[in-house]
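Asker: These are the residues of each chain, in order.
4 protein chains.
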Amino acid sequence: MTGECQIRVRYAETDRMGLLHHANYLVYFEQARTELLRQMGLTYRDLEDQGFYLVVAKLEVRYKRPAHYDDVLTIRTTVTRSSPVRLEHKYEVFGPDGQLCCEGNTTLACVDGEGKIQPMPEFFSANPDQPSGGARPPLAPPA
Amino acid sequence: MTGECQIRVRYAETDRMGLLHHANYLVYFEQARTELLRQMGLTYRDLEDQGFYLVVAKLEVRYKRPAHYDDVLTIRTTVTRSSPVRLEHKYEVFGPDGQLCCEGNTTLACVDGEGKIQPMPEFFSANPDQPSGGARPPLAPPA
Amino acid sequence: MTGECQIRVRYAETDRMGLLHHANYLVYFEQARTELLRQMGLTYRDLEDQGFYLVVAKLEVRYKRPAHYDDVLTIRTTVTRSSPVRLEHKYEVFGPDGQLCCEGNTTLACVDGEGKIQPMPEFFSANPDQPSGGARPPLAPPA
Amino acid sequence: MTGECQIRVRYAETDRMGLLHHANYLVYFEQARTELLRQMGLTYRDLEDQGFYLVVAKLEVRYKRPAHYDDVLTIRTTVTRSSPVRLEHKYEVFGPDGQLCCEGNTTLACVDGEGKIQPMPEFFSANPDQPSGGARPPLAPPA
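Top to bottom, those sequences are chains A, B, C and D. Anchor point for the first sequence: position 8 equals 8 in the numbering used here, and the numbering is continuous, going up by one each time. Anchor point for the second sequence: position 76 equals 1076 in the numbering used here, and the numbering is continuous, going up by one each time. Anchor point for the third sequence: position 28 equals 2028 in the numbering used here, and the numbering is continuous, going up by one each time. Anchor point for the fourth sequence: position 14 equals 3014 in the numbering used here, and the numbering is continuous, going up by one each time.
Take these hints with a grain of salt, some might be off.
Just a few of them, taken from the derived set where beta-carbon distance is under 10 angstroms, the chain C residues facing chain A [unchecked claim]:
#1 ARG2008
#2 TYR2011
#3 GLU2013
#4 ASN2024
#5 THR2034
#6 THR2043
#7 TYR2044
#8 TYR2069
DSS-like cross-link-like pairs, simulated, lysine-lysine; straight-line CA separation at most 30 angstroms [said to hold, decoys possible]:
#9 C/LYS2058 to B/LYS1064
#10 D/LYS3064 to A/LYS64
#11 D/LYS3058 to A/LYS64
#12 B/LYS1064 to C/LYS2064
#13 A/LYS64 to D/LYS3116
Honestly, the hints are just simulated from the structure, not real lab data. This structure is a prediction, so every number in the text was calculated from the model and none was measured. Yeah, the Cβ is synthetic: ideal placement off N, Cα and C, and Gly gets one too.
Can you build the whole structure from these sequences, using the hints too?
Answerer: What follows is the structure, encoded as C-alpha cells:
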C-alpha cells in the first residue's frame, strides 16, 4: 500500500538556518500516514473514537537535502509491514525538483485508552504486508 | 499577584528571519502563567484533574523588539483581573538586556470536561483583583 | 481584498484537551495571508528575497468555539488596511459546520534585512484599502 | 562527555492523547546537546556566528513509556563519537520516577553558510571519543 500527499513548508516550520526544522518531518510523516489511511477508507480519528490509539514505538530518519520555506514537498508513504501487533511505514520526502530530501520509517504499536498494548484493529491485518521499493521520484510533479 | 520566570529561546522556535517566531510567545505566556500558579501553590495539572479547564477566550500581543536564538527571556506575569467567570493576565517579555521585547494579555474562561462554561475554581475568587502596573525592567537580571 | 483557504488540523497541533492549541491559530493566520498574497500574484518568499520582511507588530484573537483534530477549517482573510508603513489583515476561521471558531487581526510592519523599519513594497500601496465586513459563513462549504 | 539537563513538558507540546507528542523529543534532544556544549564551554550560537552549522544527518528514536504534561524530564546526553566529519550523540530521557521514557541517537554533520559540507570545528576533534554506557537512572532526582 503506497500513497502520496503534498505539504507546503510553513514559515513557522523553518528555523534560523532558513530551512525546514528537522523535527517537523515527523509531523509531516504523521500527516502522510493519516492521509494514506484516509485513501484506504479509514480515518485515524474514527480509530481513536473506537478505542484504538496508534503510538510511535520506534523511528529512523535520514536527511539528504534541505527543504526550504514555501517548498511544496511530496511525501510518499508505504506500509512496509503489518502484523497483529505492529505497523511499519516508510516515508520518502521529495523536493519541488523531484529530488529526495529525506527518508524515514516508523514502527507503530496499538494501545487502548489506558495505554495498554492491544492487537491492531482487524482492518490492518486484512491488508497483506507490502514490500518496500527503493526511492523513486514522485509519481507526478507537485502542483 | 505577579511572578517572573525565565525561558531560553530554542533553535526550533526561531524562524527563517533568525528570530523567535511570533506564535511561540503564546506558548511562553502559557508556561509563564502556569509557573505563576505554581508559585501560588497550585498546579494547572491538578486543576484539570479536578475538572477545571482554563481556556483562552481572547488575547492581544504587541511585539516591540525581536528575541533571538539562545536568549534567556524574562517573562513577568500579572493577574490583572479575577472574576467568577474570567481570569485576566498581563505578560511582559524582557530580553537579556532588560528591554521590553513583547507585551500581551489574555482572558481565560473556565469550562468543564464537556466544554461547558462553569465558574472559576474558588481558589481564584479568594485572591483579590490586582491592578496592573506599567512595564518596568525585570526585578533581577536573568542568569 | 479577500481570500479563503482550507487547513486540516494536524494531530501534533492538538493538545491535552483534544483541541487545536490556541497558539496554532497564529500559524494558520500566517499561512492564510501568504495564500492570499499568492492569489494576488506575489509570493512572500520573493518579497523576502527582495529584502522586504513583513513582521507582526500587533495582533488580537478572539476564540469562539473549539476546533478539533482532523477538522478541515476555512480561513477567510481580508486586507482591512494598507498604508505605506502598515498592513492590516482580518481572519475568520470557520469549522466544518460553517460556524465561526475564531477571529483575529494582525498589523504588519516592513523591515529590511537588518530589522530597520522601511516602507512597504509598492505592490501593497497600489492596492486600495479594503473595508472589513462582518463575519459570514464561508463562501463555499469546505471539502 | 556526558551531561544532564531538565525540561518540563509544556501544555502546547502535548497532544490529543494527553501525552508529549513524539516529534517534540527531537526538540528536547537538540536543547540537551546545546546545553552539553555550553557545559563544555562553547555555545552553539557562537559556532554559527563563526560559520559552522551543525545539521542532523541521521537519527533514531525508541519510545519506551509516555511522558505527561508538566512532567520534569531528565535528558542525559552523551557524545558517543567525534570524528572530523561527524558528531554522534546518544540521548536518554527519564521521567519523574527515574524510568526511561525514550532513548535516541543523532549523527550531525557540519556545513558552511551555503550548506556545503566542511570539517567539524577543531574544538570537537580535540575532545576524544567517548564510549556510550547503558541506560541508568538519572544521576540526581529532578527537582
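Asker: Determine for every hint whether it applies to the structure shown.
Answerer: Structure-based check of each hint:
no.	hint	in the structure
1	ARG2008	holds (8 angstroms)
2	TYR2011	holds (6 angstroms)
3	GLU2013	holds (8 angstroms)
4	ASN2024	holds (9 angstroms)
5	THR2034	holds (7 angstroms)
6	THR2043	holds (6 angstroms)
7	TYR2044	holds (7 angstroms)
8	TYR2069	holds (6 angstroms)
9	C/LYS2058 to B/LYS1064	holds (9 angstroms)
10	D/LYS3064 to A/LYS64	holds (28 angstroms)
11	D/LYS3058 to A/LYS64	holds (9 angstroms)
12	B/LYS1064 to C/LYS2064	holds (28 angstroms)
13	A/LYS64 to D/LYS3116	holds (12 angstroms)
Hint compliance for this structure: every hint is met.
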